[in-house]
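Colleague: Listed below are the residues making up each chain.
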Amino acid sequence: MTVEAASLKAVPATRPQRKRSERSKAASIALHAALVIASLIAVFPVFWVLVTSFKPDARAVETTPTLFNESSVDNYVRILSGDKGDFLAWFGNSVLIALMTTVIAVFLSATTGYAASRFRFPGKRSLMLSFLVVQMFPFAVLIVPLYNILLALGLQGTSFGLVLVYCTTAVPFCTYMLKGYFDTIPTDIDEAGRVDGLSPFGVFWRLVMPLARPGLAVTAFYAFLTAWGEVAFASAFLSAADESKTLAVGLQVFVQQNRTEWGHLAAASILVAVPAIAVFYLVQRFLVTGLSSGAVKG
Amino acid sequence: MRRFLDRHWYAYAMVLPVVVVIAVLVLYPLAQGIFFTFTNINEGNIANPVLDRAATYTGVGLTNYLNVLSGDPSFGSFWSTLIRTLIWTFGCVLCHYGFGLALAVLLNRQVKGRALYRVLLILPWAVPAFISAFAWKYMFNAQYGIINQFLRALGLPDPIWLGQSDWALVAVVIVNVWLGVPFMMVALLGGLQSIPGDLYEAAEMDGASPWQRFRHVTLPGLRSVSSTVVLLGIIWTFNMFAVIYLITGPNPNTRILVTYAFERFFSGASRDYAVASTYGVLILSVLLVFASVYRRALRKQGEVW
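These protein sequence lines map, in sequence, to chains H and X. Count along the first sequence from 1, add 816, and you get the number used in our numbering. Count along the second sequence from 1, add 133, and you get the number used in our numbering.
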């Protein structure tokens, strides 16, 4: 195992060198041009929202584009001071719900993914298949039955009920990803742990979980985003009181029937996007290894 | 039985929480949703615990299915909507995969600033979808949107993107492609990195051109990751409602099956839960048929999952 790992590591170090010496100047320029254009397209909408967020609503809809037009931080001040609805309360609700979803979804999909990766047990195949099928049904059509169940469980209108609903969307995909990641961790480690007297749970918790950090980081990112940006369930299951809304629901106040307050909406959007981008920045170095091993092994 | 439990109890213990949550919050609602498709349930006759009103809806047999499958415009013109959904799904996934693969191949080379490019290119994934939807809706505005200002500056025609025409469909496809490329790119980049470099060296030794190397080393090496992400991509895009709903609302030119189910569900005084559920069940059936065909096709090529 060690030999294989070493040879795999050595490869990327030697191959690019050969490539670099090979690539002509023109090819190099074309490569960078393509990447720069793609990056611009990827970043521009976010950049444009940022620019707009400093403009007053009336200036955001002018017919000649400008970077600055009576720009100020007024929009931010008004939003944060609660002038446009209880933004800070929405923010707190969203953080709480997204964090709870992340913790619960990661924990559930880690245990399930580990069991699916390491143990052969009757029903495993149908479990994994049912995870795939679960993604096929348009969930929001289930709002009425879900509402009834949450009501019966006494969870209707609570954050925890919403968290559980988000987990059902996040867990199936996260389990697939983590199962794939656990598959890349050699079983020798588990066996060594067992020999040293750890229980199956001990092996999972003390040996495998720390090794699976890249996979867990990606799973956490995915679960966080699922909860952070969800609109339909949040508007259906949380009470209509202003202070119990999440951001995704609360932001609708800026989009009135015929008039959208683009400046305020843009500023609020930036405030909403910042935590998501922060989480993204924390996990981005794990993204490629964490996600791909899951997808590669399917 | 005893030995069976002894052998498997920790596996089941680890799986149990998920199974319970999924059973309670997915399977049971799903069963109830399927039951609704055989009734005439709507906002007016559903049990309402707040008003303390009992349910008064009745069974109507297959009426909902017959109505929907007749393709009647008052039930969402099922067949033409299905075709639009297929165009939307395959258009989006094809672009996701094409751009994702191209960018992954570029990023897999040794380039200066690779880490920076990667962060920038994944950014659309990190922005919550409803924020991106607002941003694009703003940029697509026919008068003051930056896209049309740009097109006018170049002397190109500036269509009314989000109006009652097929431009609206083009616009939402563009947005969804923008949103979905990063996921594909990251997954394929990981797939590329798992292809052993020896294979490329061997191919080069044998005199393979760059195109041949791509065709005979890269693509086969990406087979398994591709088959997974393409299937997931198709399922997700087929059911992608947020982008269309937030950008064009109930515009018939961008109507796909899911958004119509939502329209039936949320809009109008008599929220028609029965027809919405019927659409849900039909969507599930289409995807199940597709997934089994897809799987069979893969198996024929010698791959099983």
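It should be emphasised that the hints constitute simulated quantities derived from the structure, not laboratory data. Note that beta-carbon positions come from the ideal geometry of N, C-alpha and C, so glycine has one too. Fair warning: there could be bad hints in the mix.
Stated by the list, open to error - Chain X is nowhere near these chain H residues, computed Cβ spacing over 12 Å in every case:
no., residue
1, GLU878
2, SER897
3, GLY901
4, ARG936
5, LYS940
6, PRO1002
7, PRO1026
8, LEU1027
9, GLU1046
Stated by the list, open to error - Computed footprint of chain X on chain H; a stretch qualifies when at least three of its residues, placed anywhere within it, have a C-beta under 8 Å from a C-beta of chain X:
no., stretch
10, 847-854
11, 884-893
12, 904-916
To be verified - Sample of chain X residues facing chain H (criterion: CB under 7 Å; computed from the structure):
no., residue
13, VAL153
14, PRO162
15, ALA188
16, VAL238
17, LEU239
18, VAL252
19, ALA268
20, ILE280
21, LEU284
Colleague: Taking the hints in turn, state whether each one holds.
Modeller: Hint check results:
no.: 1; hint: GLU878; in the structure: 6 Å, violated
no.: 2; hint: SER897; in the structure: 21 Å, holds
no.: 3; hint: GLY901; in the structure: 16 Å, holds
no.: 4; hint: ARG936; in the structure: 8 Å, violated
no.: 5; hint: LYS940; in the structure: 8 Å, violated
no.: 6; hint: PRO1002; in the structure: 16 Å, holds
no.: 7; hint: PRO1026; in the structure: 17 Å, holds
no.: 8; hint: LEU1027; in the structure: 17 Å, holds
no.: 9; hint: GLU1046; in the structure: 8 Å, violated
no.: 10; hint: 847-854; in the structure: holds (count 5)
no.: 11; hint: 884-893; in the structure: violated (count 0)
no.: 12; hint: 904-916; in the structure: violated (count 0)
no.: 13; hint: VAL153; in the structure: 10 Å, violated
no.: 14; hint: PRO162; in the structure: 4 Å, holds
no.: 15; hint: ALA188; in the structure: 10 Å, violated
no.: 16; hint: VAL238; in the structure: 10 Å, violated
no.: 17; hint: LEU239; in the structure: 6 Å, holds
no.: 18; hint: VAL252; in the structure: 6 Å, holds
no.: 19; hint: ALA268; in the structure: 4 Å, holds
no.: 20; hint: ILE280; in the structure: 10 Å, violated
no.: 21; hint: LEU284; in the structure: 12 Å, violated
Violated hints, in rising order: 1, 4, 5, 9, 11, 12, 13, 15, 16, 20 and 21; the structure is consistent with all others.
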